[in-house]
Structure formats: structure tokens, C-alpha cells
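Input sequences plus hints: build the corresponding full structure.
The listed protein sequences derive, respectively, from chains A and B. For the record, in the first sequence the residue sitting at position 559 is 559 according to UniProt numbering, with numbers rising by one throughout. For the record, in the second sequence the residue sitting at position 597 is 597 according to UniProt numbering, with numbers rising by one throughout.
A hint or two may mislead.
[Said to hold, decoys possible] Label pairs and their computed distance ranges (CB to CB):
1. Pro140(A) x Asn409(B): 50 to 58 angstroms
2. Lys335(B) x Glu75(A): 18 to 26 angstroms
3. Thr667(B) x His339(A): 28 to 36 angstroms
4. Arg374(B) x Pro471(A): 30 to 38 angstroms
5. Ala603(B) x Thr386(A): 49 to 57 angstroms
6. Arg276(A) x Asp155(B): 52 to 60 angstroms
7. Arg390(B) x Arg95(A): 50 to 58 angstroms
8. His339(A) x Gln658(B): 52 to 60 angstroms
9. Glu75(B) x Leu550(A): 33 to 41 angstroms
10. Arg390(B) x Glu650(A): 57 to 65 angstroms
11. His339(A) x Arg390(B): 51 to 59 angstroms
Derived by calculation from the structure, the hints in this document are not laboratory data. Every value quoted in this text rests on a predicted model; they were computed, and no experiment measured them. For glycine and all other residues, C-beta sits at the position ideal for the given N, C-alpha and C.
Number of protein chains: 2
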Amino acid sequence: MLESALNPQAGKAQWIWYPGDFEMMLLLRVHSRRYERGMQITPCWHMDTFFPNIKFRRRFHLEKPVVFQVHATGEVAVEVDGGGRYCYDYQDGVRLEPGSHDLCITVFNPHELPALYIDADGLQTNGAWEASNVDSRWLPAGSWNFTSPSCPPSDFRLEMQPLQPVSVEKIGQGVLFDFGKEMMASLKGEGFKGEGILHISYGESREEALNYAECEVREDVKVTEDCFETTLPRAFRFVFLAPEGGLSAGGLTALYEYLPIENKGSFECSDDLLNRIYDTAVYTLHLNSREFFFDGIKRDRWVWGGDACQSYLLNYYSFFDSELCKRTMRALRGKDPVHQHHNTIQDYTCYWFISLYDYYLYTGDAAFLREVYRNARTLMDFCLETTDERGFMNARPEDWVFVDWAPINNKGDVSLIQILFARSLEVMALIAGLCGDENGRAFYHSLWQKCLKNCFEIFWSARYNCFTHGPAAASDAVVTKYANMFALSFGYLSEEQKAAVIQNALLNETVLPITTPYMRFYELAALCDAGCYEDVMGFLREYWGGMLRLGATSFWEAYDAAEQGAQHYAMYGRPFGKSLCHAWGAGPILLAGKYFLGVRPEAPGYEKFTVSPHLAGLAYIRGSVPTPGGTIDVFCDGEKAEVVNHTPFEGALEWKGQVVAVPPGQTVSLG
Amino acid sequence: MLESALNPQAGKAQWIWYPGDFEMMLLLRVHSRRYERGMQITPCWHMDTFFPNIKFRRRFHLEKPVVFQVHATGEVAVEVDGGGRYCYDYQDGVRLEPGSHDLCITVFNPHELPALYIDADGLQTNGAWEASNVDSRWLPAGSWNFTSPSCPPSDFRLEMQPLQPVSVEKIGQGVLFDFGKEMMASLKGEGFKGEGILHISYGESREEALNYAECEVREDVKVTEDCFETTLPRAFRFVFLAPEGGLSAGGLTALYEYLPIENKGSFECSDDLLNRIYDTAVYTLHLNSREFFFDGIKRDRWVWGGDACQSYLLNYYSFFDSELCKRTMRALRGKDPVHQHHNTIQDYTCYWFISLYDYYLYTGDAAFLREVYRNARTLMDFCLETTDERGFMNARPEDWVFVDWAPINNKGDVSLIQILFARSLEVMALIAGLCGDENGRAFYHSLWQKCLKNCFEIFWSARYNCFTHGPAAASDAVVTKYANMFALSFGYLSEEQKAAVIQNALLNETVLPITTPYMRFYELAALCDAGCYEDVMGFLREYWGGMLRLGATSFWEAYDAAEQGAQHYAMYGRPFGKSLCHAWGAGPILLAGKYFLGVRPEAPGYEKFTVSPHLAGLAYIRGSVPTPGGTIDVFCDGEKAEVVNHTPFEGALEWKGQVVAVPPGQTVSLG
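In C-alpha cells, the structure reads:
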């Protein structure tokens, strides 16, 4: 069941390619589509591309003769039963006689992803083939849901749906279109008259669309017919058209571009504000769930490891799209050689390793971990090049040590980085074990233990009785929440240490408060882990409710209730610099599923799970959490807690100090 | 003088790119243009490509304001005086005020080489700029002779010259065109009548062109007008056209494609056969001197490290095109990560290191060695991964240990490989020293010494008093010439060992004879080093003279005087498999310049040189050898030896036991 959930195309012929190269192709497209005022802004880290020349091979045994056609994106060479034994007339179909055969097909294409498709009786391309970029190494070929010979992977496109504006308003010489909610779309104009330049300014807010000079995204289109289409999808709710010359504007349709995925989870409760927060969070996550998980659809439109790490977790409680997780993790990892951290950020490299653990815990997909082990090792080698005798990973001059946007000193030893690095090593030991690499497992395990031991030696403060931001012995040692909350959620603390950390770091009002939704995500999770559900519920209503009260249709990169009017849209010194649709704003999905409904896997792929619902002051909560084997449905009010287990997995319901087993397919309640 | 000879574009604005990526682009083109019977045959090793997103930067001080235009192949982002300070309206020209500025320009192009050109007063792109593929590392930008804004490096094309056939002969329904000599050209047909398919068979020999079924290169063109052009240049002397349907053939012009380089050397002597051999050798080398040094123009049309290593040496005594050497060495090295040997062959990786030494000795261009040191180290790391306690490089299962086409056993320890590897380590020590990397120098030096010492321990046979092919202690130990001749020319032998090697290996008729021109190249050089000039002269007349007597217009991949007629054209089990224009056939160039004229550098870049002319039985010899600082002209007959030193370097003339200094600009003679 798990197998088919993760690979619904098993049994069909699939297009195949060099593993990871579909992602390289897509990422190159995605990362080259950000424009600011007509200037392309590419990422501040390296861009990889796909290999141009790929060999695909498989050994077959045929019971009867077969004639097959070779479909490929690129130039083809076919070798049958031995290197150099070319089949020059393959275009008329290749005939193989019964018996065992070695088939090797080369596809060359420097411009589009080289890919191959064969669908004949007993001879189909799929992930059982091997691929090589002719570097003397063979790997299992990449494949996905491309099962039609006429639709190769290089034709991959998101879906499109035309949407009409909800209001049209003439303002001065121009027209303002309000599409009612945030979206990513290109534009189709119809009914235009005359000829001239059309100035288009996009706005996530009305104010931004009406400010051609300072809006983040704008373009000028030369209109010569009664209709036009723009080429790139942009993020907006509002569009202002200012025609120039003899042109007069007509109507506008938004061509909404989206990944077709459904929310397999759900959440509903007695508080309508909470319900609206949940729905808006799901919509926010959906808008950022595209070729990959984006940080934000207006800005940066890029794939950042820290942001993605949170999106994966949100995804496990909503879309449960494991392909999207894998695409994003492959894209972030990129290709060898490794000369820089993910997005240049030390912590973001660690989040990639940590994501692998989360992915395995939620999906149980060991095959993916085995796939990435090779690349995980070379990435870890890059990290290990800078480790010292304490087992700490040190920063190169060019490395960015991010942690959070906050007034903190990240020079020298930073406790969060080493806690994240310890976890990364722990994950590597796990993967090595899954791959049967016992030497590797022992190697990473001992490095993990060393790093973790030294984290406590260097960063645990006897004075503050919790982790300090830098070395505890330093005269300027100061407590921050970061290392404390991560160590807590990684299970690195004894019960005693946990209590100390909650009191001295997480709930300590003298400690630097966290202001970004990015780190608030982990803080709220840690507070829930620490049992502070009602504090978290209050914050949810205040912070996310505050955005909804201001008319948000998706959640923002940041929100400060103290700001007024268009102040809310400013960031990075620019009046409309803030992203009003940021994936990390979708945190309520995790709070709803993992902490209020209380559903979490206890073994990889939910083979074991627990449900511990928490009303947190609500009258009732109801919802579903997806797993690789079906949903787990939960209801809870003051009277009872009930679980419907639609999965083949063994669960346990914990409520008010009671525990009861939830067998596969059963409905069980307490109270 | 040396500086300007190597960089004639100094002072002009040049297009710049990521270092090595011009070569990656060209190599991808070159290696994707080999077709056999309509099927593209790509190399049996990996193909690299250029990076798609490059940042170029430079810090400038301007005395007065400047306005400059940005020329680029790709999409552009301009940042002035700080990351993120974008100049959105750069297309109208960028204005900089007097003072110091940091300019950073990003060029994105996934389809063609990203390159940049700026030519303003005080602000010019050139090799003083730095480039990065945004992987946190900056390198000196690549540049060459692209100095026109309208001619970017991606437009690089060889020259073209239309050539008419020397004879046209109607044979059956077709027409045979003889262009008089071997060439690489596409075809232009004119005066065709009717419409139909034209079957074109190319032949390096008349027999091949007339055999449509078995010729190596053929194509079918659909002719619908009175003229047509083929798209790919092919290697041929003869072309046979067989029109089909209502088509009748017209005339044919060869569009000869070539690299415009001149022979800066010369050789002439009293024997006309020798003169014709020399001229044909130069033509053979020229045909294979293109984007890179090819092995052969019909087959493989690829860049092989072993073949190239010889072409470089021939080039130093003829075209002295150091850019062509650098292009080829960069192309062979490719990009990191390294997962395989050059062309998959262990020895070919070593020849790459050895080529660096030769390049430095002849050109004195230390800058190139400093450029490649980074990549040389990672390639050597790849070799060192397999070294054992003796310091020998071992073969991975996927490695090809070539040595030579000969009935030899290359399993286990092979003396030639370890001698080549020792030399590679010696070269690495040299480069490390040039780069000021004293630790690296000491490291490679000690590895070199260890490997060399163990070569003598393991492979020097007390019984045979020379090197054996495998370990000398083995019961089946056998002498081959390979390790012996290379150790001799690398200077690894004492005078006593040298004499033993000459007698027991090189001139020993019981030792397996060398039959390929590839290894004969080194054998003849070693024989000359051993003073056997007249043996070499005799072989020249017999072997190369033999090909001329059979009508060769360029020298072949192999030649066996015992074969008859079309037997000469067969190889690899195919009737026309042999290449009749193979770079390694051009060996007489080296013999003429280095051994008969006797000109050789004694210090890098000819800063010191010697001239030791050898008549080898001829009545007189006369010729020139190019250096980075002008030619060295030599004349010798029985009476006297004379040198005209057109260089600024100090030379010495050695003749008949006498030695005399040859100061810069002077003419000196002995006798």
C-alpha cells in the first residue's frame, strides 16, 4: 500500500532521465524567472544544469520477439548486445529476438533534458533502468508520472485556470483590477482599442498596484491588437493598467498557474477565526507549492533550504505530496562538486539533512534516502572539511551563518549551528544504516556523539541552566531561544533539562523575543511540545488573526500589529518589499494537525502513530491527517476524543491521561 | 616580448567568460558532430558543459566620469558599488562618476556561453576581471582574441575556403569528384536538375567513396532546388554522388573548413622525399589542428589525451599555437568532480600532466600552469585515491590501461603506467612550486620520489638489465620498450642504465616490436636521444615514404608495407575503418625540428636553448624552429653548422664535439 502510494505509476512505461536532472532543469527555469523592474535577478548561489549526454541501459529477457520504437528528447544512438554494436536504422523500429539482451541507448541534448521512453511488450522504460552521464558510474534512472510518449518531462507545465476580476475600477487614466485574492498568474487582455504601450503594475496590495514607481513587479507591454498575453506569471491580487498613447484598456483575465494538488488533511473547530486561519494557511502553502516549495511567490520566488524545511512539515499535514518534497530536496542538493552551503547558509545545509529525517518519518520512503545517500555524503564531506577537534562545523569566510533575522552575534561558535549539525550527523548515521553501510553508520554516529557532547560542554550554561547563544564561559554569554528549542524538539534533553529550558529560555521574558514567523514556527511547536497549548492558541488568534483582520488572503512574510496602513507592506527599506504570500506564514497547518488534532508518526511512514488531541480552549476540533496509507480522522470536544483509523497502521489515542490502541480500520474513542 | 607573444590582445577590450567554459562550449559542439551512417556517436566518456549563470566583477578607479554600454550573450543584471544595488536602466548606458567603484555584472544563459564585453575609457573587460559561477569562489576570467562587441565567443567559427575538384568522373549513374587531397569540408552543390534524393558517400580513398554500403561517412540529401549545402564538414578527398529519381547531379564545391594558422617552422634538406614527408606531415597536423587537436578528422573526430600529447610537441616545432594547446588541455581536463580518467584511460590522465610540463618548457607560460593548478590538484587527488603503499597508482575496475595496441598483458602492475605517474607527480611538484605552494611542492615531490624509487625496485630486472613490462620478479616477466624509452627521455636513468636500456630494450630485436605510429613516435625520439639518427632516417624513408608512394596526401593512422591495395584502408574489422589523416602520423615534424635541426629549449620558454644539428646521412639540412621570441634558423652541411638567433634568448650551438654560444640576435657558425 505504501509502495503504491509513493509510486502510483508502477507497471506503466515512464519517461526516464539521469536521476536529479529533471529537478536541475526545472530549477534552472524557476530560478531564472524572477524579474525586478525588467531586470532578471538570479539567486546569490550557483545554478546547476542537467548533463547533456546520457546513456540508459537495461538487461532484458524476452519470451517472444518484440519490435519497439525509441522515443527520446534528443539525438539517439542505440546499441544492442554490446558496446559499439549500433542499430543504425532504429528509427524504423528495433526488433529483438527472444532471449537475453543488453540494451544501451544514448540520448544527447544540450538544450533540453535528455530523456527516453519505450513502451513495448516486455520492454518498458521505468526506474528499473540505469542511467549514466558516461562518467563510468551507473545509477537508477529518474522517473515520475510522465507516461505518455507525446509528453516528455521537458514539457512539464503547471496547470492553468482563467479567473475573472471581482471588481474593476477606473482610476485616472487607468483601470484597477481586483482579483479578490492573492495568486500567481499571467494576464490575458481582451477588448483593447488602438495601439500603444500598456504599463502594468502588479500589487499584492491595492497600494502597491497603484504605485507604478515603487511596486516590486511591473512590466510594459506593447499592445498592437485587441488582445495580448503576458509571458511570465506574477504574484498579485491587484493589477493596475495604465495605457499610453492611443491605447484604451479592455478587460483582463488572470491565467492562474498552480500545481494540481488537493488538501488531504482538514481542520475545523468551534472558532470561525481559527477555521479561516487554517483555510488561509492552506491556500498560502498551496500558492507556494509549485515546481518546488517557494519561499514566497512575489519574492524571492526561489527555493531556500530553511523555508523548504518548514514547507515539508506543513505538507505532511495537508497535501502529503511526497514528490514535491523529493523534487525540492533534490533541487536544493544540486550537483557535485560542493563548494558552498545550501543558499550559502550553514544552517540551511543542516536543515537539508534534517528534512531527510522528517521525510522518512512521515513517508517511510527509505528508497529516497538510499537514492540521496551518495550526494548526502559529499555534502557532509564538505561540512566535515571545516570541523575541529570538538567536532564542531566552522564557518568559512564566505559562509553565511543566518540563524534568524535578529540582533544576535553569530561570530565564532554558535550553539544553534552545532545543535543542527549534531542532528545532521545523526541523520547521516540513520541513512548509512538504511543503506547497509555499517562503517558509515558507525563513523557518523561517533561524530554525532562527539558534537553533541561538546554542545553541552561548551554551550550549556550552569549559570542560566540552559543553552547560551555562544560559548557559556564567555563573559558576554547570553541566552537565546534557538538552540534550546531545537535541542528540545530533537529529544536531546533529559526531563530535567527540558524543564529548565522551558522555564529559562522559552518562557523567559528577559530573553530576546523571536519576531520572525520563520523561527516563531519552531518556537510555537516547541511551546506545544512543552504543553503550552493555550499560549499558542492565543498567539495564533492575535498574529494570524491580525493579518486576516487587515484583509489578508494569504499569510505574510512578517506582521507587526503596531504598524499602520501601508506600513505593513514595507520591508528591506522598500515600501512594497514585503512578501504578502510567504510559505512560512502557513505554520497554523502544523499546529492544527500535529498539536491540536495531535496526530504524529512514531515510526517511519506512520507504521506506528499516536493521536493526542488538545482543545486548547476550543469547544471542539475535528479534522483529518493524511498518511501514506490513508487518513487518520480525529474529533474531540470536552466529552470525548474519537479517532477513525483509515490506515493499515497501528495507532494509539492518548487523552486525559488515558491511552487506548487504535487498530487499523477501527474507530476508537475515549471519554 | 614573451608576454606579448602569448597575449597579443593586451590593451584591447576582450569578451570575457568563466575560465574554461569557452572550451566546454566548443568541446560539446565538437564531440556532438560525429555521425556514422546518420547516427550520432558521442564519446565513451562524460561531456561537460558551461555554467549557465556567471558573475563578473572588477574594482575600478576612474579619473573622469564614464558612460559605458554592456554587451553580453545572455540576460544581464548590473550591480554598482555593492550587492543588490541594481542598475535597472543599464540598457541606456551606465554612468559612473570619478572615484573607486565595484562593478558586478551577472550574465545568465543556459543555451550559449554567458560572456561579457565592455569597452569604455578606463573600463574594459579583459583577463584582469574575475568571474564566478556564484559558488563563493572567484577566478580570473577567461578571455582570448574576441575584441569586437559584435563577435562574441559563442559565434566562434573556423575559417572557410571554397575549393574546386581536380577531377570529375562519371561512373555508372553517379559522379566521382576528386578534390586532390585530404580535407575537412562541407559540400556545396550547384547546377542540379530535377528533384530527388542524393546519396553522398565520402571517401578518404577512391575505393571508399565508391562503396556507399561500407564507407564510413555518408549522407542522403533531399535536393529540391538547383543548389544545396550540407551542414556538417566531413573528412574526404573523394566524394561520390548518386542521384535518385528525377534528379541529375551538377557541380560540387568543397567548403574547406580550417583553423587559420601558419607554419612558423620550416625544414628543407637535400632529399626531396624527406621534404615531401615533412610537408605532408605539416598538412596532416594542420588538418587535425582545429577547435582542438583531434586524433583524426574522419575518425574519431574526438579529443584524446594520448594523441593530443603528441600534437602539442609537433605544434611547438611548427605552428607554435599556444592557444590551441591551452584550449585542448582545458577541454581534456573538463570540470570537477573527477570520476574517471581522461578518455577513461589511466595513461591518458598522466599524459595530461606531462603535457603541462612540455607546454611550460616550450612556452614559458607559467600563468597557464597557475590557472590549471586548482584543477590539476583535483585530478591528482582522483589518482591518489588509488595509490598503494609503494606510491603506485592502481586501476579501478572501470579504468582502461591502454599503453599501446599490442599483444601485452596490462593486468596488475604495469611499468609504463608507474613511470608516467612518477613523471605526473614530478610535474605537480613543479607547478606547486610555481604557484608558491611549498607544502604542495614538498608533498608531490616526496610522492614522486617514492613512486620512482619503487619503479626501479619492482620493474628493473637484474636479469635483463632494463625495465620489464610487469614486475621483474614475476616468472613470466618480459621486456617491452615502453617504460624503458619513457624513463630514458624523462631523464630518470643514469648513463649506465641508459646504455643498458638502449642495448637491451630499444635496439633489442627479440623485444616485441612497436607497430603503431602512436608509440613509434616516442620510440623514434628515444632512438634519436640514444644517438641512432641514421636508423631513424632509414625508418622515416621506409614508413612515411611508403605512404607517399601509395599516394597519401596526409599521413595515416597505421601503415603496413606488406599490405596490398584496399587492404591499407581497413582497420577495426571494417573495410574503410582506418583513418587516413591521423595527427600521430605527423611525427616527422618533431624529428626534423628537435633531432635533425636539433633545436631544443633548455629552460622554460627557450630562455636558454641548444642547437645540435644532425645530418643523419643527408647532404644538408636547413630550417627554422619557432620560439615565443622569434625563430631559430639552422643550416648544416658536411662543412659547417650555422645558427641565426632571431630571439632575445641565449643559445648554444653544439656540433662535432664543439660548443659555441649563440647570443641574442646573432649569427654563429662552427666548422
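Status of the hints after comparison with the structure:
Checked against the hint of 50 to 58 angstroms, the pair Pro140(A) and Asn409(B) fails, with Cβ atoms roughly 36 angstroms apart. For the pair Lys335(B) and Glu75(A), the supplied restraint of 18 to 26 angstroms holds, since their beta-carbon distance comes to about 22 angstroms. The hinted range of 28 to 36 angstroms is not satisfied by Thr667(B) and His339(A), whose Cβ atoms lie roughly 55 angstroms apart. Restraint check, Arg374(B) to Pro471(A): a C-beta distance of roughly 35 angstroms satisfies the suggested window 30 to 38 angstroms.
Range check, Ala603(B) to Thr386(A): Cβ separation about 42 angstroms, and the 49 to 57 angstroms hint is violated. The supplied range of 52 to 60 angstroms is met by Arg276(A) and Asp155(B), whose beta-carbon atoms lie about 58 angstroms from each other. About 52 angstroms separates the C-beta atoms of Arg390(B) and Arg95(A), a value consistent with the hinted range of 50 to 58 angstroms. Checked against the hint of 52 to 60 angstroms, the pair His339(A) and Gln658(B) passes, with Cβ atoms roughly 58 angstroms apart.
Between Glu75(B) and Leu550(A) the Cβ separation comes to about 37 angstroms, which falls inside the hinted range of 33 to 41 angstroms. Between Arg390(B) and Glu650(A) the Cβ separation comes to about 58 angstroms, which falls inside the hinted range of 57 to 65 angstroms. Take His339(A) and Arg390(B): their Cβ atoms lie about 33 angstroms apart, and the range 51 to 59 angstroms is violated.
Violated hints, listed in ascending order, are 1, 3, 5, 11; each of the other numbered hints is respected by the structure.
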